[in-house]
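Participant: Got chain A; can you put chain B on it based on the hints?
The listed protein sequences derive, respectively, from chains A and B. Under our numbering, residues 1 to 116 are what the first sequence spells out, in order. Under our numbering, residues 1001 to 1113 are what the second sequence spells out, in order.
Bear in mind the hints are in silico, worked out from the structure with no lab data behind them. Be a bit skeptical, because a hint or two may be false.
Cut-off 27 Å, straight-line C-alpha distance, at most; resulting in silico cross-link-like pairs (DSS-like, lysine-lysine) [to be verified]:
id	chain 1	residue 1	chain 2	residue 2
1	B	Lys1022	B	Lys1068
2	B	Lys1037	A	Lys11
3	B	Lys1042	A	Lys78
Here the structure is a predicted model, which is why all the values come from computation and not from measurement.
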Amino acid sequence: DARVTQTPRDKVTEMGQEVTMRCQPILGHNTVFWYRQTMMQGLELLAYFRNRAPLDDSGMPKDRFSAEMPDATLATLKIQPSEPRDSAVYFCASALLTSGDTDTQYFGPGTRLTVL
Amino acid sequence: GENVEQHPSTLSVQEGDSAVIKCTYSDSASNYFPWYKQELGKRPQLIIDIRSNVGEKKDQRIAVTLNKTAKHFSLHITETQPEDSAVYFCAALGYSSASKIIFGSGTRLSIRP
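Extracted from the complex, chain A is given alone in its bound form:
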């Protein structure tokens, strides 16, 4: 049963520190999404990649957030420097999107980030 994995599952850090979250998409999936979930904002799309290329990162604060896919099996989301308002659960999701059709997004377990 293939699943999206994320590390770490929980991260507590102090304001100003760098945070790196990692995601391993389901093998063979070509699209990776990063979401942030808070009680106030619900599920916000931060960025997504197709075949490792960034397609849209308009939901991401550019000054402190960066997202990359070093290879097809790893996506990273980095926050530098972190701020208390970044505290949230960050989900990664992957999907196999083919031309002319769509497919289900499968979510990872999330990384719960707390910035003190």
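Facilitator: Relative to the frame of chain A, chain B by itself:
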């Protein structure tokens, strides 16, 4: 861009009764409408989806209806059970949004025993 509105934000129903959650979308090019269930502390999981060439889809106690003319779709849960308590998200995806799924704001469903 696409905008998805979801109502109600909270819903409480008696066990055994039906629950209905409604969503509207703005992009007429949207062609895929998934519904996700998220239990407390867990990841969102797909429970049912519908594509634009179909008006209704059913899977046991769960059904989804789609009205493309009115640009709205609904989730129906019949014979609700305690394990149905969760937050439900609707979503819409269309070509004009570059295959970016837009989620509704969520409905917190509580089943009263």
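Participant: Would the hint linking lysine 1037 (chain B) and lysine 11 (chain A) be met if the CA-CA limit is 27 Å?
Facilitator: holds (25 Å)
Participant: Next pair to validate is lysine 1042 (chain B) with lysine 78 (chain A); report whether the Cα-Cα distance is within 27 Å.
Facilitator: holds (22 Å)
Participant: Given the proposed pairing of lysine 1022 (chain B) with lysine 1068 (chain B), does the C-alpha separation stay at or below 27 Å?
Facilitator: It holds: about 14 Å lies between the C-alpha atoms, which stays within 27 Å.
This entry satisfies every hint, going by the numbered hints stated previously.
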